[in-house]
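Peer 1: One line per chain: the protein sequences are A and B, in this order. Just so we're aligned, residue 123 is where the first sequence starts under my numbering, counting upward by one. Just so we're aligned, residue 93 is where the second sequence starts under my numbering, counting upward by one.
Think of the hints as simulated: they come from the structure by calculation, not from any bench. Hints may contain errors.
Listed next, the stretches of chain A that the computed footprint assigns to chain B, with coverage defined by at least 3 CB atoms under 8 Å from CB atoms of chain B [stated by the list, open to error]: (1) 131-140; (2) 145-156; (3) 174-180.
Beta carbons: idealized from backbone N, C-alpha and C, even for Gly.
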Amino acid sequence: MTDYSTRFGLLPISDAQIWHCVAPLPGFAELRRFTLLHVQEQGPFVWLQSLDEPLIAFLLVAPEHFGLHYPQRPQFAAQETDGISMVMVILPQKTNDSLQANALAPLHFLPNTRQFGQWIVEHAEPSLTNISEAQTPPATLGVPIIQLGLAHRDSTASPLAIGAA
Amino acid sequence: MLVLTRRRGQAICIGDDIRIVVTRIEDGQVRLGIESAHDVIILREELLESVRQANQSAQAVAPAQFDQWLQSHRPSTQDAASIQEE
């Protein structure tokens with residue numbers, strides 16, 4: 123275990139909880155080591171926290187929450203049989219507006235090797251899956267995710283008002 | 093920047109693996125054909141730039157700010173009760 127500074131404070135993180143970026147995020151190409159954090163009260167959302175730059179973290183969620191689906195695989199995952207896509211979430215300027223997804227650039231995670239990368243698609247396809255009831259991140263990401271709790275918050279995650287991308 | 097002049101049907105090569113052919117010139121637009129290895133990522137510049145900007149916007153989300161958004165979008169106790177009644 124090594125202590126890392128994050129946007130959530132100093133956290134002990136083991137090697138098994140570190141994800142390596144193999145297809146860099148445009149604009150953040152120098153960042154290669156990340157960890158996934160889940161705040162229980164935030165339902166299906168997870169944070170992709172940089173371990174190279176403590177102030178940088180991205181909010182992610184499964185694309186189906188935005189009605190999106192990515193049937194193709196990125197080049198770096200072509201040889202893999204598993205893997206899961208997530209999209210970055212962009213918070214609106216006004217509180218009343220809906221969340222937005224970075225729909226053209228999903229991230230693809232390979233749990234077996236703890237590698238991931240961002241890839242760019244010309245367009246996202248609409249999802250046929252309804253997972254509006256899901257309250258947790260995708261189970262396949264479960265093992266290397268660090269669970270955080272906010273003791274001062276209600277522990278029940280409520281249905282979320284998420285807008286289309 | 094290296095600047096080359098090419099006509100329709102002519103090509104330039106970048107290293108051994110990338111060949112770019114001018115396939116059409118029309119109305120101020122140039123149509124290019126690109127031959128390269130399968131794992132070379134080729135993108136329109138403006139698409140890459142829009143992803144850079146979206147990534148910048150995404151990393152600007154602060155955990156406390158998101159908590160606030162979640163709180164303001166949770167149904168009120170009254171709303172929850174009326175949903176249960178239905």
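Peer 1: Apply the coverage criterion to the region 131-140 of chain A and chain B: a residue qualifies when its Cβ sits closer than 8 Å to a Cβ of the chain, and three qualifying residues are needed.
Peer 2: violated (count 0)
Peer 1: Check whether three or more residues of the region 174-180 of chain A sit with their beta carbon closer than 8 Å to a beta carbon of chain B.
Peer 2: holds (count 3)
Peer 1: Are there three or more residues in the region 145-156 of chain A whose C-beta lies within less than 8 Å of some C-beta in chain B?
Peer 2: That given contact holds, which follows from 4 residues of the region 145-156 of chain A lying within Cβ reach (below 8 Å) of chain B.
Violation of the numbered hints given earlier is confined to hint 1; every other hint is satisfied by the structure.
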